[in-house]
Structure formats: structure tokens, C-alpha cells
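> Below are the chains, spelled out letter by letter.
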Amino acid sequence: MVSTNRTALPLFLLGAALVAAPLDAQVDFTGEWAPLYHEDGPERGPGPELADYTEMPINDAARMQADSYDADRISVVEEYQCRPHGADYALRGLGQVRIWRDIDPASQRVIAFHMHFLAWDSERTIYLDGRPHPPADALHTFQGFSTGVWEGNMLTVTTTHLKTNYLRRNGLPRSDQATLTEHWTRHGEYLTITTVIEDPVFLTEPLVRSDNWYLDPGQHIGIFGCEYAAEVPRPAGTVPHHLPGTNPNLHEFANWYGLPFEATRGGAETLYPEYRSKITSYNPPGRCTRYCHCTSLFNCNVDSR
Amino acid sequence: MRQPLLRALALSAVVTTLAPAQPRNFDNTQEHLLPVQGNTYMLAGAGGNTTLQVGKDGVLVVDTQYAEMAPKILSEIRKLSDKPIVWMVNTHIDQDHSGGNAALAKLGRGPGPGPRIIAHENVLNRMTQRVPNQPPVPDEALPNDEYGTPQKDLFFNGEAVVIYHMPRAHTDGDSIVFFRRSDVVSVGDIFTPDQWPAIDLARGGSVEGTLDALNYILTLTVPERYQDGGTLVVPGHGRISNEADVVEYRNMLTIVRDRVQDLLKKGMTLEQVKAARPARDYETEYSERGLWTKDMFVEAVYRSLNGNR
Numbered sequence: 001m002v003s004t005n006r007t008a009l010p011l012f013l014l015g016a017a018l019v020a021a022p023l024d025a026q027v028d029f030t031g032e033w034a035p036l037y038h039e040d041g042p043e044r045g046p047g048p049e050l051a052d053y054t055e056m057p058i059n060d061a062a063r064m065q066a067d068s069y070d071a072d073r074i075s076v077v078e079e080y081q082c083r084p085h086g087a088d089y090a091l092r093g094l095g096q097v098r099i100w101r102d103i104d105p106a107s108q109r110v111i112a113f114h115m116h117f118l119a120w121d122s123e124r125t126i127y128l129d130g131r132p133h134p135p136a137d138a139l140h141t142f143q144g145f146s147t148g149v150w151e152g153n154m155l156t157v158t159t160t161h162l163k164t165n166y167l168r169r170n171g172l173p174r175s176d177q178a179t180l181t182e183h184w185t186r187h188g189e190y191l192t193i194t195t196v197i198e199d200p201v202f203l204t205e206p207l208v209r210s211d212n213w214y215l216d217p218g219q220h221i222g223i224f225g226c227e228y229a230a231e232v233p234r235p236a237g238t239v240p241h242h243l244p245g246t247n248p249n250l251h252e253f254a255n256w257y258g259l260p261f262e263a264t265r266g267g268a269e270t271l272y273p274e275y276r277s278k279i280t281s282y283n284p285p286g287r288c289t290r291y292c293h294c295t296s297l298f299n300c301n302v303d304s305r
Numbered sequence: 306m307r308q309p310l311l312r313a314l315a316l317s318a319v320v321t322t323l324a325p326a327q328p329r330n331f332d333n334t335q336e337h338l339l340p341v342q343g344n345t346y347m348l349a350g351a352g353g354n355t356t357l358q359v360g361k362d363g364v365l366v367v368d369t370q371y372a373e374m375a376p377k378i379l380s381e382i383r384k385l386s387d388k389p390i391v392w393m394v395n396t397h398i399d400q401d402h403s404g405g406n407a408a409l410a411k412l413g414r415g416p417g418p419g420p421r422i423i424a425h426e427n428v429l430n431r432m433t434q435r436v437p438n439q440p441p442v443p444d445e446a447l448p449n450d451e452y453g454t455p456q457k458d459l460f461f462n463g464e465a466v467v468i469y470h471m472p473r474a475h476t477d478g479d480s481i482v483f484f485r486r487s488d489v490v491s492v493g494d495i496f497t498p499d500q501w502p503a504i505d506l507a508r509g510g511s512v513e514g515t516l517d518a519l520n521y522i523l524t525l526t527v528p529e530r531y532q533d534g535g536t537l538v539v540p541g542h543g544r545i546s547n548e549a550d551v552v553e554y555r556n557m558l559t560i561v562r563d564r565v566q567d568l569l570k571k572g573m574t575l576e577q578v579k580a581a582r583p584a585r586d587y588e589t590e591y592s593e594r595g596l597w598t599k600d601m602f603v604e605a606v607y608r609s610l611n612g613n614r
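These protein sequence lines are chains A and B, in that order. So the first sequence is numbered by this note's numbering: it starts at 1 and just counts up by one. So the second sequence is numbered by this note's numbering: it starts at 306 and just counts up by one.
None of these hints come from the bench; they were simulated from the model. None of these values were measured; they are calculated from a predicted model. Glycine included, every Cβ here is placed at the ideal spot set by N, Cα and C. Among the hints, erroneous ones may be present.
[Stated by the list, open to error] Quick list of the computed label-pair ranges, beta carbon to beta carbon:
(1) 223(A) / 430(B): 46 to 56 Å
(2) 362(B) / 73(A): 40 to 50 Å
(3) 485(B) / 238(A): 24 to 34 Å
Please build the complete structure, drawing on both the sequences and the hints.
Okay, here's the thing in C-alpha cells:
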């Protein structure tokens with residue numbers, strides 16, 4: 001069909017462009033996203049060192065719980081064998097992510113984002129329809145309850161109703177009273193999520209971290225699969241832990257890297273540059289022997305040289 | 306030998322004070338109704354949580370809070386059902402869980418006989434013991450369907466309801482109520498997810514019994530998907546929970562028990578154990594309820610492990 005009205009087409013295109021303009025700058029985050037592990041690779045891939053509390057604004061209670069932690073707990077306590085990452089740690093762990101969205105047909109606005117993670121097949125929903133968070137006595141979940149608002153091109157997500165989980169997989173706890181705030185930004189084929197964890201139970205200051213992904217349309221997220229099994233015969237109700245003052249592993253991390261023990265204990269003070277002036281006994285090893293070339297999940301090995 | 310007993314009685318008095326006998330003003334206290342799953346709901350108001358199961362046969366109520374709250378509880382029940390209260394269960398004796406027995410039974414009864422009130426026989430025995438300077442508990446507030454076996458079951462509103470006795474846990478008369486089709490277990494003060502465990506030694510409670518009960522609850526709960534969902538747990542106080550929450554609480558109590566046991570083996574006195582603060586890494590996580598403090602919790606663990614001395 002040939003248009004006979006030459007002025008109608010530009011007007012139509014202008015109108016279409018106006019209609020298609022972002023509503024509240026709604027950026028599309030949908031797609032298959034592959035994680036980049038260039039930040040904190042050893043912690044996120046093979047796992048953190050025992051008693052490495054660096055970069056953590058923890059209080060004494062968190063420190064003592066972590067000092068008491070015995071890694072046998074994740075196998076002896078059957079309920080821990082398939083315990084998933086919380087919404088905060090899920091962004092840092094084995095983090096292949098699929099994101100999709102719901103669009104309200106009447107308004108064409110995005111009313112929800114959904115995420116599926118490789119780790120534990122975890123799924124979460126981020127509601128953008130203005131609904132309130134549940135009452136305080138409602139059930140908590142590992143992914144919590146999330147709502148989002150647009151701030152320009154950035155999506156800011158607030159998550160409450162989280163279950164108790166961990167800040168780091170070496171026993172550093174994160175409580176069920178924590179609030180997780182995320183700032184999602186997309187730069188072409190890269191996605192950055194900056195997280196802020198406020199935990200009145202275990203943190204003295206907000207913990208700020210960031211994680212990055214790249215768009216990977218060919219990515220296939222497999223089934224995680226986890227099944228509880230009695231792997232270590234123990235009396236029912238056994239909870240492995242170290243009694244105060246008996247954990248033999250607390251100095252390993254400091255000794256390997258030549259750090260003063262105090263600097264590995266975490267706390268808000270150790271996060272700031274001024275703390276360097278207090279470190280007087282840093283004796284780095286003469287040769288790198290641990291996590292020397294840790295740029296991806298696949299070369300992040302203890303003996304990589 | 307008398308002093309430890311007096312201390313134990315004092316601890317019991319404090320636990321009882323968690324649910325004061327004195328009338329309080331509940332005018333501004335609201336009931337909050339939350340669906341749990343299946344046929345069950347949780348009411349959070351004054352005192353302990355109330356669990357409701359509703360259906361074609363009527364209403365089953367687990368724990369009745371305080372007498373003054375009965376009209377508000379019934380008002381919430383009437384949002385769900387216009388049928389009479391047929392069954393009531395007391396998970397234990399504390400007045401914030403059983404104080405509304407008579408008032409709620411009177412308000413919620415149908416044209417026939419009033420509700421059957423189920424509790425372990427130790428609850429009835431203790432309720433009927435005369436306490437100096439206090440009036441006796443009226444007959445209509447007493448359990449009228451007590452049981453003395455390890456479990457009691459009934460079928461109501463299309464599902465099996467199994468009531469298990471948990472010996473020597475929070476008290477010696479604790480029951481948990483398992484709604485099998487709804488897949489919900491109401492556990493009373495054996496589990497209070499954000500509060501120190503209250504172990505009422507003078508009423509037969511113990512730390513080992515509480516741990517046994519928590520571990521038993523974990524045998525009933527089955528998560529739906531990697532520790533989320535599945536069997537839901539209504540605690541005595543606090544939010545709706547599931548297996549993962551009970552695990553965290555059980556872990557805390559186990560670890561504190563082990564620490565106190567270790568200090569006992571080293572010959573420490575109660576005062577020395579308290580000074581060592583064996584629960585100090587949980588002090589920001591668990592709160593004090595009423596007059597039940599962290600120190601009282603540590604003392605109860607100590608005495609429970611030390612033969613109530």
C-alpha cells in the first residue's frame with residue numbers, strides 16, 4: 001500500500017517515537033547475564049579464607065560467631081547442605097543470572113523483574129507496582145521481598161524479610177533484620193549492581209559492594225540440583241563449632257599474607273585508608289603462592305603462579 | 306539446698322511474669338491476622354501467637370493470649386468463619402498463651418457444648434495447684450480434654466491434627482500441634498525466633514528437653530525448595546517461620562549449651578559463667594521479652610546442666 005499523504009508519515013513516526021520514549025526511564029535489564037569475577041575473585045570462586053574478615057564493618061558479635069564457625073557445619077547439619085545464598089550473596093556467588101520482566105499491557109510499564117540464578121536455582125521477583133512490603137511477622141525467605149523504583153536510568157531495589165545468611169562464606173553472619181538496597185545500572189552490554197547491606201545486628205556501618213555481569217545471549221543455565229544426605233554420621237542435633245579461644249585456624253590468613261592479625265579482624269576502622277598508618281608489621285611473602293592470577297573462576301586456584 | 310530451689314522458683318516467677326496475672330490495658334493493642342497456609346492463620350496481638358485452623362467443621366484455636374483480648378480475637382475469627390470454636394489447645398501453661406481460655410470459650414461457643422480445651426495433663430495439674438494469695442483458676446479456664454500420652458490426634462476440617470507432648474522443654478507440659486494437610490506446626494514457646502529461649506526450670510523445663518523438642522520439630526518440617534517454604538512453623542512469639550529459622554535457633558541454643566557445659570567442666574560458678582558471657586555473640590540477635598533477660602537465660606542453661614543447682 002502506498003501512502004498518498006506525505007505529511008502523515010512523519011507525524012506518525014514522531015508520535016510513535018514519543019509513545020516509545022522511556023516511561024520513567026525504564027531500562028531493559030532482561031537477558032542472560034554472565035558474571036565477571038574480577039572483583040574479590042578468591043572469595044567468590046573457591047571461597048574465602050577462614051578468619052578473613054577484611055573489608056567488613058562487623059561488630060564484636062559477628063566476629064565471635066565467625067570465630068566459632070566450624071566449616072564442618074555445612075555438611076554435618078543436613079539442613080545447611082542445600083541452604084541457598086541470600087539475595088545479597090547470590091549476586092556474588094556462582095552468579096549466572098537470567099532476568100526477565102512483566103509488562104502491564106494496559107500501561108506498557110514494567111511492573112516486575114524476575115531473576116533466576118544458577119546457584120540453588122534461586123529465583124526472586126522485584127515488584128515495581130508500588131505494593132507495600134509484608135508485615136513484620138510475615139515469613140522471611142532467602143531471597144526476601146523486593147520492590148524497586150526508578151531513579152533516572154538506575155533501578156533502586158529495596159529488599160526486606162531476608163532469612164539469616166552470611167556476608168562471607170567463612171561464617172561471617174548476616175541477620176534476618178538486614179535491609180538490602182541495590183542500584184542497578186546498565187552500560188550497553190554490561191550490568192553493574194551496587195549493593196548496600198544495612199544490618200543492625202552485625203554491622204556498625206553499611207556494607208557496600210558491587211558486582212558486574214556481561215550480556216551473554218548464548219548462556220545456558222543448567223539445573224543446580226542439591227539433595228540432602230547424611231554424609232557424616234553424628235548424633236542428631238550436632239552443631240560443629242569451636243569453643244571460644246579454641247579455633248586453631250584464626251591466624252592462617254594473616255600468616256599466609258604477612259598481615260598483622262589485627263588487620264584481618266574486620267571492623268569499620270579497617271575499611272578506611274587512614275588505617276594503613278596503623279599497620280606497622282606488614283611483611284608480604286617474598287613470592288606469591290596463593291591466588292596470584294585470579295582473574296576468572298577458572299584460574300583462581302590456591303597454587304596458581 | 307534451699308537457696309537453689311528458691312532461685313529456681315524466682316526464675317519461674319519471672320517466666321510467669323512474662324505473662325502477668327494482673328489485668329493490663331489492652332485497649333490500644335490490635336490483633337494482626339496473617340494467613341499461614343492451607344487452613345491455618347496466625348494472630349499476633351498481646352502475649353503469645355494464636356494459631357487458627359478454620360473450615361467446614363468449625364474453628365480450632367491454638368493458644369488464647371489474655372482474657373482481655375478475647376473479643377478482638379473473636380472479631381478476627383469472624384472475618385474467617387461464622388462457625389463456633391470447637392477445639393482449643395494450650396501449648397503450655399503461661400498465661401499469655403492460656404489466659405484467654407474461659408473468655409474465648411464463652412464468646413466463641415456454638416449452641417452445643419463449649420469448646421474442648423486440650424493440653425498436656427501437666428498443664429492441668431499445675432493450673433489446679435493452689436498458689437498462695439492467688440484465686441484458683443476457674444473451672445471454665447481449665448483444660449477439659451487433657452492427655453497424658455506422648456501424642457493425641459484428631460481429625461478436623463478435613464485434616465489430621467496431631468498434638469505431640471514435648472517433655473521437659475520450655476516447661477514439662479509443652480505441646481506442639483501439627484496440621485498435616487496444611488503442613489503447619491504450631492510450637493508455642495519452644496521456639497521464639499528473635500527472643501532468648503525461656504526455660505522454666507521450676508515448671509519442669511530444661512535446656513536438653515528444649516533442644517530435643519527443637520530437633521523433633523526439625524524432623525517434622527520439610528522445606529519445599531532448598532530451605533525455603535514447605536512446612537511452616539508458628540512460633541510462640543515472633544514471625545511465621547520455617548525449618549531454616551528453627552535451625553538457626555537450635556544452633557544458637559546448642560552452641561550456648563556447649564559453651565556453658567565447657568565452663569561447668571572447668572569448675573566455674575554461676576557468677577563466673579555469667580561473667581564469661583557465653584552468649585555474647587548472640588546479644589544483638591536475640592532480645593529480652595518482658596522480664597526474661599539474657600542473664601536469666603544463661604542462668605537457666607547453667608542450672609539445667611547442673612542438676613538445677
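> Give a verdict on every hint.
Going through the hints against the structure:
1. 223(A) / 430(B): 46 to 56 Å: 54 Å, holds
2. 362(B) / 73(A): 40 to 50 Å: For residue 362(B) and residue 73(A) the Cβ distance comes to about 44 Å; the hint holds.
3. 485(B) / 238(A): 24 to 34 Å: 28 Å, holds
Hint violations for this structure: none, all hints satisfied.
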